[in-house]
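Starting from the given sequences, assemble the full structure and let the hints guide the process.
Order-wise, the sequence lines are chains A and B. Sequential numbering of the first sequence, starting at 1, is according to the working numbering. Sequential numbering of the second sequence, starting at 1, is according to the working numbering.
All clues given are correct.
Ranges of calculated distance between the beta carbons of each label pair, as one might list FRET restraints:
| no. | chain 1 | residue 1 | chain 2 | residue 2 | range |
| --- | --- | --- | --- | --- | --- |
| 1 | A | K84 | B | E51 | 26 to 34 Å |
| 2 | B | Q196 | A | P19 | 33 to 41 Å |
| 3 | A | D41 | B | D83 | 23 to 31 Å |
| 4 | A | E36 | B | Q10 | 22 to 30 Å |
Chain A regions said to be covered by chain B (calculated; three or more residues, Cβ under 8 Å):
| no. | region |
| --- | --- |
| 5 | 22-31 |
| 6 | 106-120 |
To be clear, the hints were calculated from the coordinates, so they are not data collected in a lab. Note that the Cβ used here is the ideal one computed from N, Cα and C, for glycine as well.
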Amino acid sequence: MNLPQQVKVGDELPELPIPITARQIVAGAIASQDFEDVHHDKAAANQKGTPDIFMNILTTNGLVGRYLSDWAGPTVRIRRISLKLGAPNYPGDTMVMSGQVTAVQDNELEIAFKGKNGLGNHVTGTGYLTLEESA
Amino acid sequence: MNTALSDLEQAIEPLRKRYIGQRVGPYLAWNKVSRTQIWQWCAAMGDTHPEYLGGETAIAPPTMLQSWTFRDVHGDYAPGSTDQNTYEVLGKLDELGYFGSVAVSYDQQYLEYLHEGDHVHSFSTISDISALKNTALGTGCFVTELAEYFRQDKTLIGTATITYLKYQPNQTSTGAPPSSPRKIERIRPVENTDSQHYWQGLRDGKLLIQQCSDCDVSRHPPQPMCEACQSINWHTVESTRRGKIYSFTSIHHPEIPPFDSPNCIVLVDLDEGVRIAAQITGVKYDELKIGMPVRANIVEVQKGLSLPIFEVEQ
Numbered sequence: 001m002n003l004p005q006q007v008k009v010g011d012e013l014p015e016l017p018i019p020i021t022a023r024q025i026v027a028g029a030i031a032s033q034d035f036e037d038v039h040h041d042k043a044a045a046n047q048k049g050t051p052d053i054f055m056n057i058l059t060t061n062g063l064v065g066r067y068l069s070d071w072a073g074p075t076v077r078i079r080r081i082s083l084k085l086g087a088p089n090y091p092g093d094t095m096v097m098s099g100q101v102t103a104v105q106d107n108e109l110e111i112a113f114k115g116k117n118g119l120g121n122h123v124t125g126t127g128y129l130t131l132e133e134s135a
Numbered sequence: 001m002n003t004a005l006s007d008l009e010q011a012i013e014p015l016r017k018r019y020i021g022q023r024v025g026p027y028l029a030w031n032k033v034s035r036t037q038i039w040q041w042c043a044a045m046g047d048t049h050p051e052y053l054g055g056e057t058a059i060a061p062p063t064m065l066q067s068w069t070f071r072d073v074h075g076d077y078a079p080g081s082t083d084q085n086t087y088e089v090l091g092k093l094d095e096l097g098y099f100g101s102v103a104v105s106y107d108q109q110y111l112e113y114l115h116e117g118d119h120v121h122s123f124s125t126i127s128d129i130s131a132l133k134n135t136a137l138g139t140g141c142f143v144t145e146l147a148e149y150f151r152q153d154k155t156l157i158g159t160a161t162i163t164y165l166k167y168q169p170n171q172t173s174t175g176a177p178p179s180s181p182r183k184i185e186r187i188r189p190v191e192n193t194d195s196q197h198y199w200q201g202l203r204d205g206k207l208l209i210q211q212c213s214d215c216d217v218s219r220h221p222p223q224p225m226c227e228a229c230q231s232i233n234w235h236t237v238e239s240t241r242r243g244k245i246y247s248f249t250s251i252h253h254p255e256i257p258p259f260d261s262p263n264c265i266v267l268v269d270l271d272e273g274v275r276i277a278a279q280i281t282g283v284k285y286d287e288l289k290i291g292m293p294v295r296a297n298i299v300e301v302q303k304g305l306s307l308p309i310f311e312v313e314q
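Here you go:
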């Protein structure tokens with residue numbers, strides 16, 4: 001698919017829009033074993049000053065991992081993801097993932113990514129990938 | 001304000017002394033790495049990467065790292081875990097009034113992928129409790145945790161540095177948060193007697209250019225009087241929306257929602273002889289050139305607001 005020698009700095013990853021629904025937020029929270037009430041209980045979220053439940057950081061991280069590995073293909077190894085959260089992902093929004101290759105060294109890639117929703121950037125960060133020889 | 005803040009700071013200082021640098025653990029995973037848990041994760045994330053569930057032995061997405069040794073739904077750690085609670089400090093901050101909690105940054109290194117049957121344990125260290133800060137959510141401090149994850153054979157398989165904001169929620173004027181998240185919209189243009197025709201034209205899918213009814217000179221943006229002959233008689237002509245780039249700029253920072261980033265703005269000499277500023281899309285900012293032929297589409301950017309948005313004409 002994307003062999004290392006074909007990837008170059010400046011290459012853009014195709015955008016991926018991810019609809020943010022209460023179902024997505026709750027499914028992600030439960031799959032990541034995160035039972036904090038702000039990720040499934042709107043009344044509790046309101047009490048803590050937010051207008052609705054919002055996505056937990058593990059789900060964001062999982063979606064970033066999916067975005068990077070979908071692009072890099074079956075031989076990818078994710079070595080590191082470093083991210084910062086900004087605008088929360090609330091139900092009813094859409095987060096559009098985008099990314100760009102910022103460094104290539106042999107089979108090691110560095111990708112700057114972001115996920116933007118209706119309130120601004122939900123997530124920005126860097127992913128470090130290794131593309132292994134396919135068997 | 002400063003006095004108040006320093007009093008509050010003093011309440012936090014003992015927590016720093018007590019908790020920072022203390023490595024606690026092990027925390028055991030409730031279960032061995034299982035296909036079921038991996039499937040649930042992949043289903044929730046929409047992750048169809050063939051390596052995870054496609055083979056005889058399921059392989060866990062590395063991003064699951066932190067979830068393995070989390071507490072269960074009742075807040076209990078798995079049997080065999082330490083009795084010490086690494087998040088005790090968060091509870092202490094709750095008691096001081098900083099009961100709001102959000103994770104703000106995450107840095108995970110994945111050294112080894114986990115396979116079905118692996119059994120994870122972890123250690124955790126609170127590495128920092130910041131000074132109190134005023135944030136958009138409220139006053140609070142940032143708590144940073146370093147977690148280390150090991151396989152049953154004691155191999156370090158990954159690390160996670162997680163920063164949480166513990167805060168005292170700002171009260172809104174009504175004492176209650178808004179019932180639904182606000183969407184950030186573009187500022188609406190002022191529509192008055194002199195300009196209403198232009199914005200309505202765009203809503204009708206037309207780019208209308210004013211023309212003097214006495215001397216035929218076209219003008220844009222809309223204004224009440226002809227600069228050439230001072231006549232206040234005018235009519236509009238519908239633009240072909242074609243022209244050439246006279247100048248351009250692209251805005252990278254700061255990123256301002258709901259605008260694109262980079263946001264490429266062109267000044268276009270329309271074939272009708274007037275100059276117009278608008279966004280251009282479908283072209284990279286570093287590919288823009290003066291003189292490029294462009295054509296505008298009329299796009300409803302939000303309810304009731306349509307704008308001309310250019311693209312390069314092939």
